[in-house]
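Protein chains: 2
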Amino acid sequence: MSKGITSKNEDYSQWYNDIVMKADLAEHSAVKGCMVIKPYGYSIWEKMQAVLDQKFKDTGHSNAYFPLFIPKSFFSKEAAHVEGFATECAVVTHYRLKNDGEGNIIVDPEAKLEEELIVRPTSETIIWNTFKGWVQSYRDLPLLINQWANVVRWEMRTRLFLRTTEFLWQEGHTAHATSEEAVAETKQMLDVYAEFAEKWMALPVVKGVKTANERFAGALDTYCIEALMQDGKALQAGTSHFLGQNFAKAFDVKFTNKEGKIEHVWASSWGVSTRMIGALIMAHSDDLGLVLPPMLAPIQVVIVPIYRNDDDFNNITAYVNELTPKLKKLGVSVKYDNRDSQRPGFKFAEYELKGVPVRLAIGGRDLENGTVELARRDTGEKKTVSQQGLDIYIVQLLDEIQENIYKKAFDYRKEHITIANTYDELKDLLDNKGGFISAHWDGTPETEQKIKEETKATIRCIPLDNKLEDGICIYSGKPSVQRVLFARAY
Amino acid sequence: MSKGITSKNEDYSQWYNDIVMKADLAEHSAVKGCMVIKPYGYSIWEKMQAVLDQKFKDTGHSNAYFPLFIPKSFFSKEAAHVEGFATECAVVTHYRLKNDGEGNIIVDPEAKLEEELIVRPTSETIIWNTFKGWVQSYRDLPLLINQWANVVRWEMRTRLFLRTTEFLWQEGHTAHATSEEAVAETKQMLDVYAEFAEKWMALPVVKGVKTANERFAGALDTYCIEALMQDGKALQAGTSHFLGQNFAKAFDVKFTNKEGKIEHVWASSWGVSTRMIGALIMAHSDDLGLVLPPMLAPIQVVIVPIYRNDDDFNNITAYVNELTPKLKKLGVSVKYDNRDSQRPGFKFAEYELKGVPVRLAIGGRDLENGTVELARRDTGEKKTVSQQGLDIYIVQLLDEIQENIYKKAFDYRKEHITIANTYDELKDLLDNKGGFISAHWDGTPETEQKIKEETKATIRCIPLDNKLEDGICIYSGKPSVQRVLFARAY
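Taken in order, these protein sequences are the chains called A and B. With the first sequence counted from 1, adding 798 to any position gets you the numbering used here. With the second sequence counted from 1, adding 798 to any position gets you the numbering used here.
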């Protein structure tokens, strides 16, 4: 235990909560299941948003905004969708409060809506109802839209960032003239997510396709990126759905193709959410607190002055005032913590807890020697380095840290993709090792469901780069043509 | 009438709607009172957000995110606030839908919330309930928080951007150790808004303070920026509230000051919304469509090729491919519209409608002569200019256009601030000229209310730079110490 953080080996779940709370990322709110994202946590989200938003724009998408509320009847229009989404959700039934005359605020029974409104759990229905007016001809296609928004899914058991009643996300919704184009879009966006996870989040992911049981309600295919957390559980970090013509048919969205024939359009939708912050925390952090990959760290370098008198402090500050603009020019975010209300040791612990990748400590003797003391958050390594060329050194070091954090997660995952050839092996691995378990499955929803009931493991995905391989299902003994990845998951 | 846009002199309200719809800014949704912000409209909002967000950060604020839902009881905690906000709002009473067995989706009566949740109309209550846990000592102050979010106020009569049931905004919420600091913050943020309106939106505003009648529910003082639209009606473009200790007392937020005494903290809140897009449209546009100030135009320069054959087209494109990176390097956003499905005249009309500040048309003869044809959206002026130094010329021209749009709005407003010394004069000016009317008022809510009932004009503000001047109230004949600004308003 350190700084009140539960050890991750002792209680992984408590360790996670401790980091979220003590690193000032988020907290529970007065509203059951809803979180407050605190400034430090939100600044990580802002960094994620900036990168993803640019990638969406670079691939031709435009942002737009659709209503928070969806008429209840919209959910009945797509048969599979209604089963998946119109269940646990917030329902607006009234539009006015009033004073009951005795000083109590009550819901005005007169102000009842004719049709109840659902707070969006996802926006396919309201967006496809809108697309109907936007698409007439092949010239209007493809329609490449993204929305940054809040959504609500009523959750009974919540966990900060990973599963909350309200969360923030982006949802892409696209319309295409052909099935091929819609599939290509679906896969392109999966690649965007995978690149973001691996390069920015330093999080290795398996790209795959979901089985029918795990598919998005209303999709023909759900593609996903699956990551592994340090407790051996999997986490779905993003999904991209090929929706076929399901929503186009449900909302009657047709277009005239180049040959003058009228057809329903083809669709994709794709999203990632504040859940990614949970993945980021769980994948890299340790018992000292958060470990952030430099590319998503709101503060990449913190500088702590160590001084005995005002002269020392002024000299250190003068040096910092030289160094800081050099670093900023190189795109490095720097914080100089010159608070006199806290001692250096307190500050060290605080930035360790908050996962700042590089800490510089500068004392009077460092100034004399032309050095600084540099500490890496990812390895804990401390060393004295020269002030000469320090800015360039730090840029290179940040790259090295980013790579090292990725490599650590990659190695962990490599060790935790294990082959199982029998059901007993699967169960043993689930209980004693965790991770992804590669096993043959007969391809039926029934087998998948039984394995889930008996082991709490689900098929996370069929990897896109899967090799076909004859085998027999570990559960049913029936023939199988490929292995799939099982895991217990968040 | 042009391109189906109603003339602004004929029907101002219809003219506004036509521009919003035909310039692809927004449309009504299937949910009463809620709008869809279309990509072009949203890209203006994104530009506004980027500028404001940077200004908030430069003044020390951090973004965070608080729940969409507020427990009903929170609204009863601040007496004035409840009257103002907990009336027309969306109320969540249930958290589940179900299939009734006959294929109908109904609200599950079993899934009734113990306490109804209100969809936030503004977030003071939930934020101050959270601040209670964040503030203990003077060291925790000031707390400078902003949130970008959607809010819902149930409106019976809506108008795209100007008044919708759901809208997007930012709301700043700050906590301070002293009244003076909170007032200084309130005024600082008003200045940020005023600078944004004048410099970026090219919209001259009057900075002022609201009368008690028009004050934010729960505020001690509401500061505002008031702009004038082309029909002579005023529009409140942003507000900044000094909340005193009202919310701190309601939510019991106290701190230990430097002397060790426990006190309630002092507060401000401030916000601007997508309503600003409505102001932008109404202030500058004309019968040909939108007129955008270059600093907020998603596309600043559009280039239209005019060609008779492929050779022409290729030569023009080669030139555009040289020019575009030069412009982008200077920070100019450029679009090359090389669609072959539309004729130049169609494109000209489209970009005119969408308010693109500068249009370049390039034909074969231009290439021979080393010229381009340049058209300004704000003045309609067309001229042939040299390709030599065109990039620099355009940057200067965009500045000139920005200034010209501001000057036009400024001159209009100058002509429309009129002095009235009698009630008859006021009424006559309201009916026949519009604009701000500067008149003496006895300072009582009763007089203000009666004038409002009789003329539909309200006191927009008491300008901050007001001179004190003895006079008599135009309505009551009682003594007055200063003039205030009356207007009919959006």
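If you are wondering where the hints come from, they were derived from the structure by calculation, not from laboratory data. Any given hint might turn out to be false.
It does not matter which identical chain is used: a pair holds within one copy or between any two.
[Unchecked claim] Straight-line alpha carbon distances no greater than 27 angstroms define the calculated DSS-like cross-link-like pairs of lysine-lysine that follow:
1) Lys1231 with Lys985
2) Lys1145 with Lys930
3) Lys1133 with Lys855
4) Lys1206 with Lys1047
5) Lys1056 with Lys1250
6) Lys1276 with Lys1248
7) Lys1276 with Lys930
8) Lys1225 with Lys1059
9) Lys806 with Lys875
10) Lys1250 with Lys855
11) Lys896 with Lys1180
12) Lys1124 with Lys1052
13) Lys1180 with Lys930
14) Lys845 with Lys855
15) Lys830 with Lys930
16) Lys855 with Lys1126
17) Lys855 with Lys1124
18) Lys1052 with Lys845
19) Lys1005 with Lys985
20) Lys896 with Lys910
21) Lys853 with Lys1248
22) Lys830 with Lys896
23) Lys1052 with Lys820
24) Lys1047 with Lys1181
Classify it for me, Lys1180 with Lys930: is the Cα-Cα distance of at most 27 angstroms met within a copy, between copies, both or neither?
-> For Lys1180 and Lys930, the Cα distance exceeds 27 angstroms both inside one copy (60 angstroms) and across copies (39 angstroms).
Are the CA atoms of Lys1276 and Lys1248 at most 27 angstroms apart within a copy, between copies, both, or neither?
-> The answer is within: 15 angstroms in one copy meets 27 angstroms, while 85 angstroms across copies does not.
With 27 angstroms as the alpha-carbon cut-off, assign the pair Lys806 and Lys875 to within, between, both or neither.
-> Classified as neither: same-chain Cα gap 46 angstroms, cross-chain 41 angstroms, threshold 27 angstroms.
Indicate which option fits the pair Lys853, Lys1248 if close means a Cα-Cα distance not exceeding 27 angstroms: within, between, both or neither.
-> neither (40 angstroms within a copy, 56 angstroms between copies)
Up to 27 angstroms between alpha-carbons, please classify Lys1145 paired with Lys930: within, between, both or neither.
-> between (56 angstroms within a copy, 24 angstroms between copies)
Within, between, both or neither: Lys1206, Lys1047 at alpha-carbon 27 angstroms = neither (47 angstroms within a copy, 50 angstroms between copies)
Is it within, between, both or neither when you check Lys830 against Lys930 at 27 angstroms Cα-Cα?
-> between (37 angstroms within a copy, 18 angstroms between copies)
Status of Lys896 relative to Lys830 across identical chains (alpha carbons, at most 27 angstroms) = both (24 angstroms within a copy, 21 angstroms between copies)
Is it within, between, both, or neither for Lys896 and Lys1180, if the alpha carbons may be no more than 27 angstroms apart?
-> For Lys896 and Lys1180, neither the intra-copy (63 angstroms) nor the inter-copy (59 angstroms) Cα distance is at most 27 angstroms.
Alpha-carbon proximity between Lys855 and Lys1124, which holds within one copy, between copies, both or neither at 27 angstroms = between (30 angstroms within a copy, 21 angstroms between copies)
Copy assignment of Lys1250 with Lys855, given that the CA separation must stay at most 27 angstroms = For Lys1250 and Lys855, the Cα distance exceeds 27 angstroms both inside one copy (39 angstroms) and across copies (48 angstroms).
For the identical chains here, do Lys1005 and Lys985 meet the 27 angstroms Cα criterion within one copy, between copies, both, or neither?
-> within (10 angstroms within a copy, 52 angstroms between copies)
The structure shown violates the earlier hints numbered 1, 4, 5, 7, 8, 9, 10, 11, 12, 13, 18, 21, 24.
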